[in-house]
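Protein sequences, first through last, are from chains W, Y, S and R. Residue 348 is where the first sequence ends in my numbering, and the numbering goes up by one at each step. Residue 696 is where the second sequence ends in my numbering, and the numbering goes up by one at each step. Residue 1071 is where the third sequence ends in my numbering, and the numbering goes up by one at each step. Residue 1446 is where the fourth sequence ends in my numbering, and the numbering goes up by one at each step.
Among the clues, some could well be false.
[What the hints assert, rightly or not] Straight line, CA to CA, 27 Å or less: simulated DSSO-like cross-link-like pairs of lysine-lysine:
id, chain 1, residue 1, chain 2, residue 2
1, R, K1329, R, K1342
2, S, K738, S, K802
3, R, K1347, R, K1329
4, S, K967, S, K954
5, R, K1329, R, K1101
6, S, K972, R, K1347
7, R, K1177, R, K1113
8, S, K802, S, K875
9, S, K873, W, K231
10, R, K1347, S, K967
11, R, K1177, R, K1250
12, R, K1177, S, K967
13, S, K972, S, K954
14, S, K726, S, K738
15, R, K1342, S, K972
16, R, K1113, R, K1101
17, Y, K579, R, K1101
18, S, K726, S, K875
Because the hints were derived from the structure by calculation, they are not lab data.
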Amino acid sequence: MLALLSDEQQMLKEVAAQIAGSAGPSNPSDLNTVDRAAAWRSLAQAGLLALRTRDDDGRPVGSGVEVAVVAEALGAGLVPVPYLGSAVLATELLALAGAHDEAEALSEGDARTTVLLDRHLSALAVLPGEQVYAWDADGAADALALTAGPDGHQVVRVSLDTGFVPATGADLTRTLLRSDGPIDEARLTPVGRPLSAEALLRWEALALTVISADIVGVMRAAVARAVAYTKERVQYGVLIGSFQAVQHLCAEAYVQAEASASATNYAAWAVDELDVAEALMAARTAKTQAALVAREVTETVMQVFGGIGQTYEHIAHVHTRRALTDRQVLGDEGVQLPRIADVRLTGE
Amino acid sequence: MLALLSDEQQMLKEVAAQIAGSAGPSNPSDLNTVDRAAAWRSLAQAGLLALRTRDDDGRPVGSGVEVAVVAEALGAGLVPVPYLGSAVLATELLALAGAHDEAEALSEGDARTTVLLDRHLSALAVLPGEQVYAWDADGAADALALTAGPDGHQVVRVSLDTGFVPATGADLTRTLLRSDGPIDEARLTPVGRPLSAEALLRWEALALTVISADIVGVMRAAVARAVAYTKERVQYGVLIGSFQAVQHLCAEAYVQAEASASATNYAAWAVDELDVAEALMAARTAKTQAALVAREVTETVMQVFGGIGQTYEHIAHVHTRRALTDRQVLGDEGVQLPRIADVRLTGE
Amino acid sequence: MDYRDTPEEAEFRATLREWLSATIPAGWDKIEDELEAVRLRKDWHRTLYRAGYVGMSWPVEYGGRGLSPVYDAILNEESGNLGAPPLPSVGYIGRAIFMYASEEQKRRFLPPLLSGEASWCQGFSEPEAGSDLASLRTAARLDGDHYVVNGQKMWTSGGQYADWCLLLARTDPDVPKHKGISAFLVSMTEPGVTVRPIVIASGEAETAEVFWDDVRIPVEQRLGAPGEGWRIAMTTVAYERGPADIGFIANYRRTLRKVEGLAAERGLLEKEEVRKALARAYVRGEVLRLNCMEQLSMRVSGRAPGPEGSIAKLLWADAEQSLQHLAMDILGADEMTGVAAGWLSSYFTSRPVSVYGGSAQIQKNIIARMLDMPR
Amino acid sequence: MDYRDTPEEAEFRATLREWLSATIPAGWDKIEDELEAVRLRKDWHRTLYRAGYVGMSWPVEYGGRGLSPVYDAILNEESGNLGAPPLPSVGYIGRAIFMYASEEQKRRFLPPLLSGEASWCQGFSEPEAGSDLASLRTAARLDGDHYVVNGQKMWTSGGQYADWCLLLARTDPDVPKHKGISAFLVSMTEPGVTVRPIVIASGEAETAEVFWDDVRIPVEQRLGAPGEGWRIAMTTVAYERGPADIGFIANYRRTLRKVEGLAAERGLLEKEEVRKALARAYVRGEVLRLNCMEQLSMRVSGRAPGPEGSIAKLLWADAEQSLQHLAMDILGADEMTGVAAGWLSSYFTSRPVSVYGGSAQIQKNIIARMLDMPR
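Using the sequences provided together with the hints, build the complete structure.
Structure (structure tokens):
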């Protein structure tokens, strides 16, 4: 047992943090100017878009831990690129469906594909159906969803060129598109072979985990920003960080963020290492923990920043908005807890 | 509108506080030595046992506000006498049933009667039925319950001499007896005339209110004790009350106790002044608020007392135990909230 | 103890309700254009004034009616209940003026304040002086018969639309910080005054910052003695508006009804968890309302506003923020996908309730002082 | 990163499980008589020792096996899983001795500590020195070749049954308070030692106070140099046991299963609210377990125990106390009427978790230090 990043994983973390640092906003207006294309190229060049493609033995090039490391770093940087949508959720779906060429294509960084979620953002969309969202769709030409068939679910590709309108989502760092009506069956192109139920659950475990990692990154960075502010801001002739009330607010937020990190690290390891039921339970646990504390942690950060933390110009609410949206994606604690209960109370 | 105690009510508060002060324990071992009989006599002599008997016009001698004032003072003192059981809950039940002589008899302080509650302590017992509890039964020869009849509920008297055994309840300041089996119909003596549904709801409003007042007293006194301790206890060379973390713990507990007092004061006034549905809604609101915060407030008090606050010898847990038990009597927030919701969501 | 209206209060309330029902401008809350909304609020101030509803609790000699503050509370309550436009806030500025101003200043400033001809803002906080107001740096240097003001103010609510400002500035840098501050009554149209709206996280302009560059103020517009500014500020702040004074309670009730409606629309009323959460929100609102009634009663009984106001402020922030959390829990993703964007905006608007007017932390400090806990 | 046992760890675990299953004394947790329970715990210590399970991570030269602390963690985990008696706590006393003792002291004290012949307690806190340990007043005055100790210690867990005590006392009242403290290894059978059990709010004797009246300690039983007591204490406290080291996590899981059972018995498993609360409790336990695994991994990688332990302590208190709240919510009145008196006792036993070993407030201070926040 050694629940620590390996040296290679530690290096990966630094690479990802460096890319994130160059592409992350310091305040909301940076979101208009930051060079998203350059960030995406850097990710591609560093091989980070290829982590969930498969090697010659059919094994993922990078483990769940590695993808989570990257996801956390990009979350911490509030980086406005569709790493989760394209490089993880869509790529993994393609790889599981055996559409390896399509997965490889995404890893080169030229084309981007994301996923369609149902109207609650709580599950991969099963088409045809009612309104759907393309989440994390920046620069994506198309998005993946499922259709139900006799041999299991079939991955289908839907072009985003028509039938979608931009939605004014809460998250200022991701592009969200809303279908302007039901998706016509004629617009669905099957990709790869049908997915087994297990493959789909494995996908869900990975997806929940990387979203949790994104939340962890958002929270850790937000807390770090707030703590740094308490070391600069003077009131009553002293740094506000010397007030015990402020110290304890920060300490509580820090503990919750770290606790979420512990749960997410395990889920990330479990993705490729445990049987699918255990991996999914670990992922639900991580998502529950992250979703449960994300609102309070980012609110605490806004509170520590005081007046300026309430303003649109300030970065604080960008953390809050990304965390609040991530909470919903593939289901917040209100969705996860009943499923955990099902396993605990009837499944064993 | 003037939501303040009148001068007379203020005087009553002082009288009740004085009696409470002479009969309240400073630490748990005092509960073995405190002169309960003397305290009861003082209450009788001050006329405080007679507040819910009726005057010649059939009006209660004392309003809900006055009973709540006394209940709060006795709660604050952790006084181990059955004021709620005998002087309020039983007396009011007798008065509503028109059994005025029996109510008068209780007010003189020689005889004591309490009420039987169901096994969840959440309602007045309806007999015959399963196991019941005689709550707040110190020195009581008998207890009141209901039977269901064609003309409404009938108040019945049950002797506590046989068929009851002492229960080791959490609350160290009240006597709790458990029936050692179902109560035989032969043991029930009807008292007064059957109660209307409205009378029973009016009784419930009063009962919930005075229990809330008891909790308010317990909480306010506990917080005051903790605050006083922070002004004596030195650690790190300073009074612990100078630590902002301790100040904020106390402030939060104080706010919750005061908020409960505000809700209870209104419920107490409403008992005799508003129509029964409104009075009951106010009482449920007060009980909900008090029950919701009682655990946390008394736990905070134990926390502020640090190590000694965790010991049996110390008074802190006596507050906790009384508050936790009061929470259950006639239903905690888990019971009240759905009933409030029924009114809000379907009743209007 | 009586929570009911006295006969006089009941009559006042009945008349008021009738008047409000007849007078509230239809569709005022649908106005999207900000300037038009401001104009409407000014008009509403004048309308209320003409009907005798502004400054009711002011002394008669200053244009008030000398009534109990209960009447102001009833006005607040019924304005909320009947969905009237926001009430003008004349209380705290008026209090500062009639406690500290010269006779001439009173004659000059009070009537237009009451009537709504002149609207006011409060230039207190600064970027480096938020909670710690006494550290303010904006300087007023005496130059002949004028003061020359330089500095920057923040969180000047209504600064964009105000005609006048109650300004705090440092007139003596050489004395302890609380003693070197003076107060001024300044026109916002003076050269050198620049106002920049502050947009809060909801995306709405809720307040403003004001830049003061060589703004010249005649000496006779100083309020009180030189160095008396801190005392004036503390008086003003003590009369700042709590939840009872801004129709919050009535608004809370209306918002709660909307949240109940959301739950119903989404078919969630069968869920016990949701029912309980809604009932809990009702209890929070009631508790705050009743606590405010007690505080109002104390004020009516002649007690000066004290630190008890901090209790209400904490309960207020908790109620408002919890209700927005509940709405978010009910709306789920819809609040994040733009389908219910208005609720996301309300959520962000609820956050500063625990910051402005003294953060939750400051309120707890005040309560600790009130409990006489050691410094 | 690997959360699984290595092959060696897996083999150790399998052997251990087999051994435990065969060796755990049947019905040990039904023993009501306290002295008998103490005797059983001592016997269990000796049994574990003979099987090589005590002090596994100690250096070989001090009687240990020089293994990674992971093996201690596995022992804790499986002891909890299989319901074994509480493990002896030799770590923190052992650490103090093998870091600070003379060769002769090591030879004298370490073998019986390991083997279970001698059990130890820790005489640190005092009535006036709880969180603020450095203020301790118990005095040790040098008198020839003995120290004479006078004072009172509190929260001396196991004081009633211990053979020896690691005692802190002030040897020099004239230097700054942290510098005048020395540490001693004292027999609890010395004349002048009086132990009084402290009963906690649950009604159970959980700890003790110890009175020291003219207790004479030979100079050679001082640990470390005079005035080195504070450093020794800080080392010891850093190695005090966290949730991972006392089988808490395994116990938590067993308690959670019981609470799930309570909900089932009461027919509450259909209620979504209850299901979610139980799942929430599961998540709390998992989060704590995983956080502890990370910290153990850091320890294994050679990092000294640091302030990160405060995170686990806060999560621990929250998990334990929340689970008891949940049990109370499920049991309702039964917990108050004596029907489920054991749960009331568990509830009160959960309260000091946020007090002993550094209150929740102290843990947050430590985290603020770790975050390098200003003093």
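Checklist entry - Is the straight-line distance between the alpha-carbon of S/K802 and that of S/K875 27 Å or less? => result holds, 24 Å
Item to check | Given hint R/K1250 paired with R/K1177 - CA-CA distance at most 27 Å | outcome: holds, 24 Å
Item to check | Pair hint outcome, S/K726 versus S/K875 [Cα-Cα no greater than 27 Å] | outcome: Since the Cα atoms of S/K726 and S/K875 sit roughly 47 Å apart, the hinted pair is violated (cutoff 27 Å).
Item to check | 27 Å limit on alpha-carbon distance, applied to hinted pair R/K1177 and R/K1113 | outcome: holds, 21 Å
Item to check | Distance restraint between R/K1342 and S/K972, which requires alpha-carbon spacing of 27 Å or less | outcome: holds, 13 Å
Item to check | 27 Å Cα cutoff - pair R/K1329, R/K1101 | outcome: holds, 17 Å
Checklist entry - Quick one, are R/K1347 and R/K1329 close enough, alpha carbons at most 27 Å? => result holds, 16 Å
Checklist entry - Taken at face value, is the distance from the CA of S/K954 to the CA of S/K967 at most 27 Å? => result Roughly 17 Å separates the two Cα atoms, so the pair holds.
Checklist entry - Is it true that the CA of R/K1113 sits at most 27 Å from the CA of R/K1101? => result holds, 16 Å
Checklist entry - Is the Cα-Cα distance between S/K972 and S/K954 27 Å or less? => result Holds, at roughly 16 Å.
Next on the checklist: Would the hint linking R/K1347 and S/K967 be met if the CA-CA limit is 27 Å?
Outcome noted: holds, 13 Å
Next on the checklist: Hinted pair, alpha-carbon criterion (27 Å max): R/K1329, R/K1342. Please report holds or violated.
Outcome noted: holds, 17 Å
Violated hints, in rising order: 12, 17, 18; the structure is consistent with all others.
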